[in-house]
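Use these hints to put chain P onto chain U, whose structure you have.
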Amino acid sequence: MLELADISVSIAGTPVLRRVAFRVGEGETVAFVGRNGAGKTTTLRALMGLIDYTGSIRLDGRPIDAVPAHERPGLGIGYAPEDRRLFSAFSIAENILLPARVARLSAAETKRRLDRVYAILPELAQLAERPAGSVSGGQGKMVALGRALMLGTRLVLLDEPFQGLAPVLANRYAEALRALRDADRTLSLIITESNPALLKHFAERTITIERGEIDGRAAA
Amino acid sequence: MSHIIILAVLDGIAYGSLVFLVAVGLTLVFGVMRILNVAHGSFYALGAYAAASLGLGLTALGLSPWLSYPLFVVAAAAVGVVVGGALERLLLQRIYRHEEALQLLVTFAVFMILDNAQRLIWGVQPYFYSEPLRLLGNVSVAGITYTAYQVVFLPLVAIAVLVALRLFLRHTLAGAVIVAVTEDREAATAIGVDARRVFLITFIIGTTLASLGGALAAPTTSILPGMGADMIVLSFAVAATAGLGQIEGTAVAALAIGLGRSFAVFFAPELEVLMPYLIMVLVLLVRPEGLFGKATARKI
Chain U
1 MLELADISVS IAGTPVLRRV AFRVGEGETV AFVGRNGAGK TTTLRALMGL IDYTGSIRLD
61 GRPIDAVPAH ERPGLGIGYA PEDRRLFSAF SIAENILLPA RVARLSAAET KRRLDRVYAI
121 LPELAQLAER PAGSVSGGQG KMVALGRALM LGTRLVLLDE PFQGLAPVLA NRYAEALRAL
181 RDADRTLSLI ITESNPALLK HFAERTITIE RGEIDGRAAA
Chain P
1 MSHIIILAVL DGIAYGSLVF LVAVGLTLVF GVMRILNVAH GSFYALGAYA AASLGLGLTA
61 LGLSPWLSYP LFVVAAAAVG VVVGGALERL LLQRIYRHEE ALQLLVTFAV FMILDNAQRL
121 IWGVQPYFYS EPLRLLGNVS VAGITYTAYQ VVFLPLVAIA VLVALRLFLR HTLAGAVIVA
181 VTEDREAATA IGVDARRVFL ITFIIGTTLA SLGGALAAPT TSILPGMGAD MIVLSFAVAA
241 TAGLGQIEGT AVAALAIGLG RSFAVFFAPE LEVLMPYLIM VLVLLVRPEG LFGKATARKI
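So the protein sequences, as listed, match chains U and P. Heads up: the first sequence runs through residues 1 to 220, numbered per full-length UniProt numbering. Heads up: the second sequence runs through residues 1 to 300, numbered per full-length UniProt numbering.
One chain only, chain U, in its complex shape (with noise of 0.2 Å):
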């Protein structure tokens, strides 16, 4: 489904990332741990097309690096960034439906993706009048994950998701990406983690990056 290649990334002129390559299959959740620093987040970034890469990335066989930053959330794909990076000047509701306006789905597709976000976090129907700036660090993370599953329905990376989160919810978003799993087969996710032993239970297959190399052997 997911294929990276050679990928490499240089920031002022250091290598962070030097030739990651792997695999994710359709409806695999795969674990991407490291350290801090060690590349995870550039990861992401160069899937997003966030940031210049070198290598080669495909989506279900067909090379998606000429495809513009704005234009890869079109292919299916979801980002959840680490730091939630909601838009504090709108309500909850707005946040979750933005990507949905700026995509131009029709009424009827909206209406479906977002009864899908509500079933799997029912909490964020609570919430969506609430202004984004006023919710707990918590709730965030959780509207980002609702944010990005509006487009997220191929491939849905998660950023760092369970970081800074009390254990209590925590727990609730593991339930809340079991949901999902279970709802959809075909989803792919890749979670990043700091800390291997959170998502020990919970993804197929885990692939460790450091200093900006990855483990070959989990890779494929």
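Honestly, the hints are just simulated from the structure, not real lab data. Heads up, a few of these hints could be off.
Not the full set, but computed from the structure, chain U residues with beta-carbon under 8 Å of chain P [said to hold, decoys possible]:
hint, residue
1, L50
2, A69
3, F87
4, A89
Every residue, glycine too, gets a C-beta built ideally from N, C-alpha and C.
Same frame as chain U, now just chain P:
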């Protein structure tokens, strides 16, 4: 004495309305694109020249002078779309990733080029086109007679622009994506927003507002090469006083600076030019982020 105060207030409102139109375009462009566009003043001058040329053309063709009002909007939009659009697409898009000093230098160079282009096209003699000022007649405010164009029409246009901008940003998809890009360009891109297109639209809106300010100023002043330089400095003062990127704050700051300047004209003429900057300095000494700006942490 009270007559002078009323006159100063009317003057300040009229002047503040024009300054607001230019400054709100500048602050919108900065808020979204994080670029201080020194060439913004050139659009004020181009708007004035375009409006006066079209207005004089109306007169020469024997058409109704009332057409000059819609022509102001047409002139402003033409300058914003054609010159502003070309500038953003051909030049600015190449320098967004560069440091701010380079952006300032490039837009200053554009300002110089456009200033000289005005001399080439319209010459160095002043243009006058006061017909729209005469058409609306005079109004009497507490015994003071003033042109309706300046104390009624210009403030109404400024208020209409303020309300329209707010409604546009709050209730349209184009406005929502502009707000999203303003807050977080990368997060907006990750949900499918084409930030390059947003930058183009924003720049066209910003430069159209500056041109509209110039077009509306045309009947009230002599149109001369270099008129954009005064306005850009004043607009910076207004935008900085309000807090860069603050739309409603720009309206308040424009009014305050307009009033400050006009009171200086009547009560301390030697401070006329200095007054807007004195107000700015005083505000920034107390609130470095501006009256309505929010202090933000910056990575260095």
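Hold the hint about F87(U) up to the distance rule: shortest CB distance to chain P must be less than 8 Å. Hint holds; F87(U) Cβ to chain P Cβ min 5 Å, cut 8 Å.
Using 8 Å as the Cβ threshold, decide whether L50(U) counts as touching chain P. 6 Å, holds
Quick check on A69(U) please, does its C-beta sit within 8 Å of some C-beta on chain P? 5 Å, holds
Interface hint compliance - A89(U) to chain P, C-beta minimum distance less than 8 Å: Holds. Min distance 5 Å.
When held up to the earlier numbered hints, the structure conflicts with none and fits them all.
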